[in-house]
Amino acid sequence: MRYLILGASATGLSAAGAIRQNDPWGDITVLSGDRHIYSRCLLPDVLAGRRDAAAARFVPEDFLRRNGVRWAGGVKAVKLLPEEKGVAADNGDKFFYDKLLIATGSSSYLPPVENINRGRQVYGLRNLEDVWDITRAAGNCRQAVIMGGGLVGVDAAVSLNEKGLAVVIVEIAGHILPLQLDQRAAASYEALFRNRGIEIITGEMMNRIILDDRQNVTGVQLKSGRVIPCGLVVAATGVRPNIDFLEGTPVEVGRGIKVNEYQETSYPDIYAAGDVCESLEVFTGKVAPTPIWPLAVLQGQVAGTNMAGGRRKIVNNFAFKNSMEFYGLNTVSFGFPEAPDTSYTTYIMESPGSYKKYIFKDGCLRGAILQGDISRAGVTGALIRKNTPVGVAPGKLFDLNYAYFFNQRENGEFVL
Amino acid sequence: MLRIFIKPELCAGCKNCQVTCLAEHSPSRSVWLVNLSDQGSRPRNFVELNNEGQPVPLSCRHCDEPECVNSCMSGALYKDPATGIVAHNPEQCAGCWMCVMSCPFGMIFPDARENKVSVKCDFCAGRDKPRCVEACLTGAITLIEVPSSNIDGKYPNLARGE
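Residue numbers (full-length UniProt numbering), protein chains in the order written: chain S, 1 to 416; chain P, 1 to 162.
Just so you know, the hints here were simulated from the structure itself, not pulled from any lab data. This structure is a prediction, so every number in the text was calculated from the model and none was measured. Glycine included, every Cβ here is placed at the ideal spot set by N, Cα and C. Wrong hints could be hidden among the right ones.
[Claimed, not checked] When the alpha-carbon atoms are kept at most 25 Å apart in a straight line, the in silico DSS-like pairs for lysine-lysine are as follows:
| # | chain 1 | residue 1 | chain 2 | residue 2 |
| --- | --- | --- | --- | --- |
| 1 | S | 396 | P | 15 |
| 2 | S | 386 | S | 313 |
| 3 | P | 129 | S | 163 |
| 4 | S | 286 | S | 258 |
| 5 | P | 7 | S | 396 |
[To be verified] Taking CB as the label site, the calculated pair distances span:
| # | chain 1 | residue 1 | chain 2 | residue 2 | range |
| --- | --- | --- | --- | --- | --- |
| 6 | P | 89 | S | 415 | 35 to 41 Å |
| 7 | P | 37 | S | 309 | 55 to 61 Å |
| 8 | S | 269 | P | 127 | 33 to 39 Å |
| 9 | S | 338 | P | 127 | 44 to 50 Å |
| 10 | P | 29 | S | 184 | 41 to 47 Å |
| 11 | S | 348 | P | 83 | 39 to 45 Å |
| 12 | S | 341 | P | 29 | 53 to 59 Å |
[Unchecked claim] Just a sample of chain P residues kept apart from chain S, beta carbon distances all over 10 Å, derived:
| # | residue |
| --- | --- |
| 13 | 37 |
| 14 | 115 |
| 15 | 128 |
Generate the whole structure from the sequences, applying the supplied hints.
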């Protein structure tokens, strides 16, 4: 059996491991646009200089050898040829398969802002190459503007601040991290960032990137007309799945490649998993992209197992969870950061350095933010994922721990 | 693999398990010398009261399908296929807290002193028996031998080591 995996990040490599455990003799090839294996989540650490690129590897040095995986790094798929069960690559080679996994992930999305595609120092923070490009540009300027105050934008801001640059974050919502936090939890971070000299502008949008006659970035102009001089713009305004090479093929695509609960696409023998696909998400009950690391790994395992002849369905495809740490302040959040309407009840407990918020509907937890002490946060997350009545008095909420839900299998495993 | 099995009805809430865990992970490893008032040291197990007021001793289960391992974006967490232990390498840990967010049982948390890396039960690596099992006077914390579905290759992960 010939297995071809496109992509060498969390999804691709967890699928490779799953295939090997289910098929000792199969022929596995990983085709990756990346020359090296690295964790995209560690790129802010590499940018800040906290970790070198080699230490951004998330699998052991001998992972490929031990699993008997053929490595085709720095080679990009440019065209899927489903009739001949092949993939054409940018180096002119064709790769053939019996089972194909598309795990090509996603790319930084550049919003329609004037000059964004012409400016030479406009980068996403998605690939190791972005880190080198940003580092080079950062060496030639004193101020950077970050477009978007989500997790990637804030990570980039902190990293560039650590490198000694003045940094300005421009966020369209009323506070930073709007998908993860409420106003109160975000305010704690905004205060920390401002203390470190990071400027935060909320409720604002980029109008245009200002260039000199050689297309070098010299500043940005906001919707209000304000001009911020800078030599570098980091675009952190979301991602788009890498699906260009599927154009003209019968593989069905929505906001990502459509898959069923076995990670099968609409076309025989082709699977998709991770950021590149959209799947049925359990918190919303809707089909959507699920671009978080834990689900990239899980979906890769499910795809790999099924490609190698198993029959494993995905369970717990839960994407509404976030964790973060900036300047020593920890936060974990799940589900809704704010109650969507008045049919929800919110419980809040605040003390210096700590903020906890629980959002209920009909006895079920639908959202939570834990800032400060985050130990045992996962119990709250599991209750939200489960969406069943919690049965704990509100007074005990702020001390939620597994003793309340203790349930042990015969083999000593816990269940929640 | 060996796994801790809990009989909460036998737990007297003495917290001996917590004290020996603290000791094992302190420089001296001694219950007599461990600094109990040090806010920076924290046991990897704990005893909590359930809804009925019954104490329940809790620690990591070293799950067959560990969600902490699946959530680890740095490669610091891995399930050792030989022992079944879910191990953590602090050198590789990035302190992103995705494991803290993902463990449904709350059995891995930020280290109390530096807040830089996660800590969890290491099954007292190198000892025949975890200290909490030895220290439990009532038999609430016991050891059982269980087959590991992971070793059967049913649920693979990005495990390292052999």
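Hints and how they fare:
With a CA separation close to 21 Å, the supplied pair residue 396 of chain S and residue 15 of chain P stays within the 25 Å bound. The straight-line distance between the Cα atoms of residue 386 of chain S and residue 313 of chain S is roughly 17 Å, inside the 25 Å bound, and the hint therefore holds. For the given pair, residue 129 of chain P sits about 47 Å from residue 163 of chain S by alpha-carbon distance, which is inconsistent with the 25 Å threshold. Taken as a hint, the residue 286 of chain S and residue 258 of chain S pair is honoured in the structure, with Cα atoms around 12 Å apart against an allowance of 25 Å.
Under the criterion of a C-alpha separation no larger than 25 Å, the hint pairing residue 7 of chain P with residue 396 of chain S is consistent with the structure, at around 24 Å. Between residue 89 of chain P and residue 415 of chain S the beta carbon distance is about 28 Å. The supplied range of 35 to 41 Å is therefore violated. At about 57 Å, the beta-carbon gap between residue 37 of chain P and residue 309 of chain S stays in the expected band of 55 to 61 Å. Range check, residue 269 of chain S to residue 127 of chain P: Cβ separation about 49 Å, and the 33 to 39 Å hint is violated.
Judged by the Cβ atoms, the range 44 to 50 Å given for residue 338 of chain S and residue 127 of chain P holds: they are separated by roughly 48 Å. Taking 41 to 47 Å as the suggested C-beta distance range, the pair residue 29 of chain P and residue 184 of chain S conforms, at roughly 43 Å. Between residue 348 of chain S and residue 83 of chain P the C-beta distance comes to about 43 Å, which sits within the given range of 39 to 45 Å. The hinted window of 53 to 59 Å between residue 341 of chain S and residue 29 of chain P holds, with their beta carbons roughly 55 Å apart.
Once the 10 Å rule is applied to beta carbons, residue 37 of chain P is consistent with being away from chain S; the minimum gap is 19 Å. Not every Cβ of chain S is farther than 10 Å from the Cβ of residue 115 of chain P; the closest lies at roughly 6 Å, contradicting the non-interface assignment. With a least CB separation of 18 Å from chain S, residue 128 of chain P remains clear of the 10 Å interface cut-off, as annotated.
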